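K.L.:
Here is how the chains run, residue by residue.
2 protein chains.
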Amino acid sequence: MKIVECVPNFSEGKRKDVIDAIIGETKKFDIKILDHSPDADHNRTDVTFIGGLDEVKKAALAMSMKAVELIDMNKHKGEHPRMGAMDVVPFIPLMDTTMEECVELAKQFAAEFSEKAGVPCYLYEEAAMHPDRKNLAKIRKGEFEGLKEEMGKNPDRTPDFGPNHIHPTAGATAVGARFFLIAFNVNLATDDISIAKTIAKAVRHSSGGYRHVKAMGFEIKERGIVQVSMNLVNYRGTPLFRVFETIKREAERYGIGVIGSEIVGLIPMEALIDVADFYLRLEKFDGGQVLEKRLLEQIK
Amino acid sequence: MKIVECVPNFSEGKRKDVIDAIIGETKKFDIKILDHSPDADHNRTDVTFIGGLDEVKKAALAMSMKAVELIDMNKHKGEHPRMGAMDVVPFIPLMDTTMEECVELAKQFAAEFSEKAGVPCYLYEEAAMHPDRKNLAKIRKGEFEGLKEEMGKNPDRTPDFGPNHIHPTAGATAVGARFFLIAFNVNLATDDISIAKTIAKAVRHSSGGYRHVKAMGFEIKERGIVQVSMNLVNYRGTPLFRVFETIKREAERYGIGVIGSEIVGLIPMEALIDVADFYLRLEKFDGGQVLEKRLLEQIK
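Respectively, the protein sequence lines represent chains A and B.
The letter at position 147 of the first sequence is residue 147 when you use my numbering, and the numbering goes up by one with no holes.
The letter at position 203 of the second sequence is residue 203 when you use my numbering, and the numbering goes up by one with no holes.
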């Protein structure tokens, strides 16, 4: 069964009735909400939900229409950069789903939403139609207020879908496709922070390491140890076991052992099965052999 | 969410209409059939299905009632030992379910089925109420024909539930609880069968090895290698990674490497997550962090 995740971020983190009304729209669809976290300082709410491709798209669309109805960006203030009532809508491939399918889903969503609501949409990350729109921060530059001035004048700001002017109250929306992000930390049996920093440098993309790894070295003072703290931004491209083994090997060079590791938050089953597959040296293992995967096939 | 598996074996492997009618009973319930395999020589069919505790019990009961209606043991012939129309009904704990819950489920099933159908029931394996009934083969000794003679005369054959005489057409039923069985093979980089046999002996329970492992050494002639072929009868008690690491270590002693391993058929997600947990040295990992497990919670 194909499953995708969607994490819409909308521009309201204070008014409970508005937040509830927007999230309440998802009840009409066969999706499962995993998490939602209103942030009053940011005046923004992230909602994480999963389900089949079509249901997820419909649920995201219903939420977005409600956000357009209830949020006026002219009155919105918050610390987090934002440009629209429904600010960001990323689609993330999970079970049996490819990135290509999520890119397609993002395009369909942007086409339907901009048509229905008259809100201009920009495609970002893997769904970006222009290389300079991969980075969400670039798209959102100047925020609602700046974009209002620039749209229609600056051709760099022409949206990928919808009218070439900002929606008077709902602003503009960024729609994207990206991989599931795994927060993975490895704890080292030393209090020498320089070792954690050196190893972080060795594994992260920006300094020559693995393509889909972001890493930093930290001290965990209360335990008297250090940690390589990472975001794995594409666990299919750079799997957990490879990163873990590399860190173990690099630590060995300093005579340091790996105490343990931590997965913070959620992780797709597939990422852990890949670990088991590697260490057990499995031959011809197929995900369909996992009982629970068979069970999930009955969810439409 | 609690999930159990049930693998009823009934005494018909030839007449398609009868097989379909019995399996068709499960359609009334919220369960998922994973497999069914009618065997004409054995004149017997195994059905594997999973679901919530109550739905699984009800589905097994409906199948059993239909088997009583359609199968006459006086006319049944087949190579496999058997004593009843519904011959064996084992319950197997899967996600979030304990063995104790499956033992309780077996008792409830036996009480309800023997009451409704007048079929005597014997509890076996983990559900056994007497130590000498752990072994199914002992319960089934003499089969339908022998049990017909002995019941009511030999106190050793008094059933755990239901009348102390055989059902005239449906015989008797064994109801049990057991762990999920994982078929796990490890391939060694040698054609020396004596090494596979020695390692099988080292890991299997009967010759001093791990409590929940059955193992044999085999030749894989077409690949010119040997294999330690195992049944892991309780992956919670004796986990995959421990068995794999022990085999790897024992093979090393002969200078032999492990080429790979195979999981034959189905495996619960939990068994593979335990492997990932071990090798990644995870600290405080909780199964609830697995996305798909959250998704399964929406199945009632």
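These aren't lab readings, by the way, just hints derived from the structure by calculation.
A quick note: this is a predicted structure, and the numbers were derived from the prediction, not measured.
Some clues are possibly wrong.
Any copy, or any two copies together, can satisfy a pair, since identical chains are not distinguished.
Stated by the list, open to error - Calculated cross-link-like contacts (lysine-lysine; reagent style DSSO-like; alpha-carbon spacing at most 30 Å):
{"#": "1", "residue 1": "Lys75", "residue 2": "Lys197"}
{"#": "2", "residue 1": "Lys221", "residue 2": "Lys148"}
{"#": "3", "residue 1": "Lys293", "residue 2": "Lys58"}
{"#": "4", "residue 1": "Lys248", "residue 2": "Lys197"}
{"#": "5", "residue 1": "Lys201", "residue 2": "Lys66"}
{"#": "6", "residue 1": "Lys2", "residue 2": "Lys14"}
{"#": "7", "residue 1": "Lys32", "residue 2": "Lys16"}
{"#": "8", "residue 1": "Lys138", "residue 2": "Lys201"}
{"#": "9", "residue 1": "Lys293", "residue 2": "Lys27"}
{"#": "10", "residue 1": "Lys66", "residue 2": "Lys197"}
{"#": "11", "residue 1": "Lys293", "residue 2": "Lys28"}
{"#": "12", "residue 1": "Lys116", "residue 2": "Lys221"}
{"#": "13", "residue 1": "Lys284", "residue 2": "Lys28"}
{"#": "14", "residue 1": "Lys28", "residue 2": "Lys148"}
{"#": "15", "residue 1": "Lys134", "residue 2": "Lys28"}
{"#": "16", "residue 1": "Lys221", "residue 2": "Lys284"}
{"#": "17", "residue 1": "Lys134", "residue 2": "Lys248"}
{"#": "18", "residue 1": "Lys32", "residue 2": "Lys293"}
{"#": "19", "residue 1": "Lys197", "residue 2": "Lys284"}
{"#": "20", "residue 1": "Lys284", "residue 2": "Lys201"}
{"#": "21", "residue 1": "Lys148", "residue 2": "Lys58"}
K.L.:
Does each hint fit the structure? Answer for all of them.
P.N.:
To see whether the hints hold, each was checked on the structure:
When the C-alpha separation of Lys75 and Lys197 is checked against a cutoff of 30 Å, the pair qualifies neither within a copy, at 43 Å, nor between copies, at 76 Å. Proximity of Lys221 to Lys148 under the C-alpha cut-off of 30 Å is found in neither arrangement, the shortest distances being 47 Å within a copy and 73 Å between copies. In this assembly of identical chains, the alpha carbons of Lys293 and Lys58 lie at most 30 Å apart whether taken from the same copy (24 Å) or from different copies (23 Å). Taking the shortest Cα distances, Lys248 and Lys197 sit within 30 Å of each other inside one copy (14 Å), while across copies they are farther apart (34 Å).
Taking the shortest alpha-carbon separations for Lys201 and Lys66, neither the intra-copy value of 44 Å nor the inter-copy value of 66 Å comes in at or below 30 Å. In this assembly of identical chains, the alpha carbons of Lys2 and Lys14 never lie at most 30 Å apart, being 34 Å within a copy and 36 Å across copies at closest. For the identical chains of this complex, Lys32 and Lys16 are intra-copy neighbours only, at 21 Å inside a copy versus 40 Å across copies, given an alpha-carbon limit of 30 Å. Taking the shortest Cα distances, Lys138 and Lys201 sit within 30 Å of each other inside one copy (26 Å), while across copies they are farther apart (64 Å).
Taking the shortest alpha-carbon separations for Lys293 and Lys27, both the intra-copy value of 24 Å and the inter-copy value of 20 Å come in at or below 30 Å. When the C-alpha separation of Lys66 and Lys197 is checked against a cutoff of 30 Å, the pair qualifies neither within a copy, at 45 Å, nor between copies, at 67 Å. With identical chains, the CA atoms of Lys293 and Lys28 are at most 30 Å apart both within one copy (25 Å) and between copies (22 Å). With identical chains, the CA atoms of Lys116 and Lys221 are never at most 30 Å apart, being 53 Å at best within one copy and 65 Å at best between copies.
In this assembly of identical chains, the alpha carbons of Lys284 and Lys28 never lie at most 30 Å apart, being 40 Å within a copy and 36 Å across copies at closest. For the identical chains of this complex, Lys28 and Lys148 are neighbours neither inside a copy (33 Å) nor across copies (58 Å), given an alpha-carbon limit of 30 Å. Taking the closest pair of Cα atoms, Lys134 and Lys28 never come within 30 Å of each other, the shortest separation being 32 Å inside a single copy and 50 Å across copies. Taking CA atoms no more than 30 Å apart as the test, Lys221 paired with Lys284 passes between copies only; the shortest distance there is 19 Å, against 44 Å inside one copy.
For the homomeric pair Lys134 and Lys248, neither the shortest alpha-carbon distance inside one copy (33 Å) nor that between copies (46 Å) is at most 30 Å. In this assembly of identical chains, the alpha carbons of Lys32 and Lys293 lie at most 30 Å apart whether taken from the same copy (16 Å) or from different copies (11 Å). Taking the shortest alpha-carbon separations for Lys197 and Lys284, only the inter-copy value of 24 Å comes in at or below 30 Å, while the best intra-copy value is 38 Å. For the identical chains of this complex, Lys284 and Lys201 are inter-copy neighbours only, at 26 Å across copies versus 35 Å inside a copy, given an alpha-carbon limit of 30 Å.
In this homomeric assembly, Lys148 and Lys58 come within 30 Å of each other (Cα to Cα) only inside a single copy, at 28 Å, whereas the closest approach across copies is 62 Å.
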